[in-house]
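Going down the list, the protein sequences come from chains H and L.
Using the UniProt record's numbering, you'd call the opening residue of the first sequence number 1 and step up by one each time.
Using the UniProt record's numbering, you'd call the opening residue of the second sequence number 1 and step up by one each time.
The hints are simulated quantities; they were obtained by calculation from the structure and are not laboratory data.
Every clue listed holds true.
With a straight-line cut-off of 27 Å between C-alpha atoms, the simulated DSS-like cross-links for lysine-lysine are: (1) L:Lys500 - L:Lys406; (2) L:Lys318 - H:Lys88; (3) L:Lys334 - L:Lys354; (4) L:Lys354 - L:Lys405; (5) L:Lys493 - L:Lys356; (6) H:Lys185 - H:Lys28; (7) H:Lys174 - L:Lys3; (8) L:Lys540 - H:Lys113; (9) L:Lys563 - L:Lys334; (10) L:Lys315 - H:Lys87; (11) H:Lys108 - L:Lys334; (12) H:Lys127 - L:Lys334; (13) L:Lys555 - H:Lys118.
It should be emphasised that the depicted structure is a prediction, and the values quoted were computed from it without experimental measurement.
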Amino acid sequence: MTKSLLLVGVGGQGIILASKILVSGLMKIGYDVKMSEIHGMAQRGGSVTTQIRFGEKVYSPCIVENSADLVIAFEKIEAVRWLDKLKKGGTLLVNDYEIYSLPVLIGKEEYPKGVIEKLKEVVEHCKVFDAFSVAEEVGNVLTQNIVILGALIKALGIDTIDWVEVLKENIPEKLHDINIKALKKGMEL
Amino acid sequence: MKKIMSGNEAIARGAYEAGCTVAAAYPGTPSTEILENVANYKEINSEWSPNEKVALEVGCGAAIGGARTLVAMKHVGLNVAADPFFTIAYEGVNGGLVVISADEPGMHSSQNEQDNRLYAPHAKVCMIEPSDSMECLDYIKESFKISEEFDVPVMFRVTTRICHSKGLVTLSDREEVGVKKYEKNVQKYAMMPAHARARHVVLEENLDRLRAYSNKCSLNRMEMNDTKIGIITSGVSYQHAKEVFGEEASYLKLGLTFPMPDKLIKEFADKVDEIYVIEENEPYIENFVKAMGIKCTGKEVLSVCGELNPHILRKAFKKEDEGAGYDVDVSLPKRPPMLCAGCPHRGIFYAMSKYKDLVVSGDIGCYTLGLIPPLNVTDTVICMGAGFSAAIGLKKAFQMGNVDKKVFGVVGDSTFFHSGITGLIDAVYNKTPITLVILDNSITAMTGHQENPGTGKTLMGEITEVIDIEAVVKACGIKEENVVVVDPYDLEKTREGVEKAYNATEPFVLITKRPCALIKEVRKERAHLNCEVVQEKCKKCRMCLKIGCPAITLKDGDILIDKAMCNGCELCKQVCKFDSIVKVGE
Ligand code: SF4
Ligand code: SF4
Ligand code: SF4
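All chains should be built: construct the whole structure from the sequences, respecting the hints.
Structure representation (structure tokens):
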């Protein structure tokens with residue numbers, strides 16, 4: 001069975017790195033993997049997504065309308081933006097974190113309230129966590145993406161391999177310790 | 001060894017394994033990472049060219065000189081390089097020449113979605129299309145062999161979904177092919193009319209040989225399953241088709257798509273009951289199949305606009321719809337891209353935004369974002385270099401219509417070297433009284449920070465001469481008194497510059513000089529700098545919001561500056577009339 005994961009968030013949140021680490025791990029488990037990302041203007045604070053598909057044999061790199069088994073949102077309104085990709089009965093993981101976009105920053109549009117409650121109302125399998133606080137606790141807010149990665153690994157039930165090893169292979173050495181801490185904390189969420 | 005690689009990384013690896021020795025490109029999404037990765041292989045001499053035409057001409061020279069050569073560009077880049085592209089087909093190669101065209105169905109970061117497959121028959125070059133990372137690696141190696149064996153350049157056509165999708169690839173060692181001997185042959189390599197006439201005949205013969213090969217080579221293959229439906233497809237569309245139809249259909253999977261394998265198509269058509277042609281954008285394969293008198297379904301049910309995906313195919317061919325998914329009742333604020341906090345472009349656009357009657361011709365780069373609120377400066381964006389030349393045209397039209405409107409043309413430093421420079425020369429030569437604004441942020445920022453002739457460093461990391469834009473501008477004939485260089489972090493000076501430019505009656509150049517805020521060294525240098533709002537003094541006038549800096553937030557009526565994002569450029573401080581913003585960290 002091919003599984004489809006959609007990671008969504010905002011440019012600068014480290015989604016691409018988290019996806020890269022996840023993909024190298026999936027490969028270690030022995031899956032065929034395809035990951036698709038879109039670059040370009042999105043890098044300037046726009047919304048960013050990566051799509052990961054894995055299984056015995058993967059053809060298309062694209063996840064389409066309500067076919068994602070799991071959607072993980074690094075920012076909460078991005079969860080809403082991409083919710084239509086989630087399969088009925090699929091799992092939604094949401095980081096309870098806000099990043100204001102330009103129209104909100106300048107007071108032209110409003111950042112909606114009660115997003116988490118509404119998501120929980122509609123999606124049966126919806127898990128919410130606060131990766132920012134965890135990353136803060138770990139000692140570096142920039143590890144937020146690795147905390148989220150930990151949560152994702154846990155949710156997928158693919159914690160059978162040594163993820164610390166995989167992490168080390170993908171991150172410069174001087175950042176190993178703090179990121180390993182972040183990953184472990186994330187897996188406990 | 002197995003590795004996970006994007007299509008772009010796999011292309012670079014393929015070139016390395018094939019013994020490629022020269023590579024050139026101009027960066028452009030989705031092709032940029034090809035040369036960035038090629039540059040990691042020291043066996044290949046790689047360089048950023050000022051534009052795609054230069055890159056291809058360097059490539060032609062290198063191939064004629066006997067080197068296996070790779071040239072990469074995005075789809076619109078091939079328009080810039082079209083001139084040498086058509087003629088190199090006549091000359092043929094010596095060392096293999098592979099030209100990558102990275103197309104963008106869906107236009108994730110491009111100004112159009114032209115289907116460059118149509119270039120292949122027009123320019124008469126061989127075309128090869130991979131469908132995933134593994135094929136990117138394998139087919140590049142094939143491409144070099146084919147190029148040399150049939151004495152034709154190969155256009156290697158990929159799309160965003162292939163360039164930026166990662167998949168598993170198996171690596172092999174490099175094959176050292178060396179550089180072939182060069183022998184002078186003006187009949188072949190110097191295209192004056194008499195030689196070109198003879199070469200056209202040779203080219204057609206080569207294409208005939210290649211057509212025969214196309215019918216039997218492994219790049220074009222049949223996968224026979226159930227024969228009720230036969231699908232003819234190429235590139236990533238093959239993967240989508242397999243996803244949707246699996247073994248319910250048979251496939252003719254095309255990898256060498258010019259010249260098209262006519263006999264193979266006929267053979268496949270005879271084996272299946274009904275034919276679907278599945279391809280993105282233009283009906284390139286479909287038209288060929290139909291011209292052969294074979295019935296098929298394609299663009300009757302598929303749009304020529306945008307990318308394909310399994311969902312679209314299911315709907316089009318199987319009339320299946322997944323139905324509605326989850327839906328929540330939350331109205332979402334948009335999340336448009338924006339200039340970074342501390343971006344040097346913000347100051348100049350802010351100063352320009354005060355002139356409401358100004359007509360601004362923009363260009364391709366981060367500064368394209370000057371067109372969105374709250375800055376709202378730019379009027380037009382066409383292509384690389386048009387920032388200046390379209391400005392000239394706009395001014396001509398206003399002059400002819402007796403409209404007194406000031407026109408500014410805006411390009412970046414990389415764009416200036418790419419093709420802005422010719423517009424500058426035109427403005428001087430034809431005495432067009434416009435202002436040319438060069439936003440020099442000392443990097444090619446939009447595509448992810450590539451070096452360019454103004455940065456003092458090559459792609460391979462060597463230190464080199466810095467081309468002095470101001471000196472070039474003057475050498476092109478802009479008078480000394482009509483050149484102003486400002487630091488866009490200094491709003492007062494920038495305003496003065498814009499005012500002078502606005503009132504100029506001759507071709508005028510305004511250069512803003514300040515490195516991009518995201519350059520590693522700049523980030524380090526400014527890491528401890530930031531601005532703060534003194535809440536007691538703030539009058540909540542919201543002036544500072546008008547500059548659209550993502551570090552400034554309006555929260556519950558208060559103005560706050562995000563310390564982590566802010567780099568202390570002080571633009572907001574200069575805009576605040578109540579001195580309620582202060583700089584800290586110095
Ligand atoms: S100083 Fe002001 S304008 Fe500059 S980055 Fe900081 S908040 Fe933005
Ligand atoms: S990358 Fe550099 S030039 Fe581009 S928007 Fe950001 S700061 Fe400005
Ligand atoms: S411009 Fe100055 S006074 Fe006005 S809202 Fe901003 S910080 Fe406050």
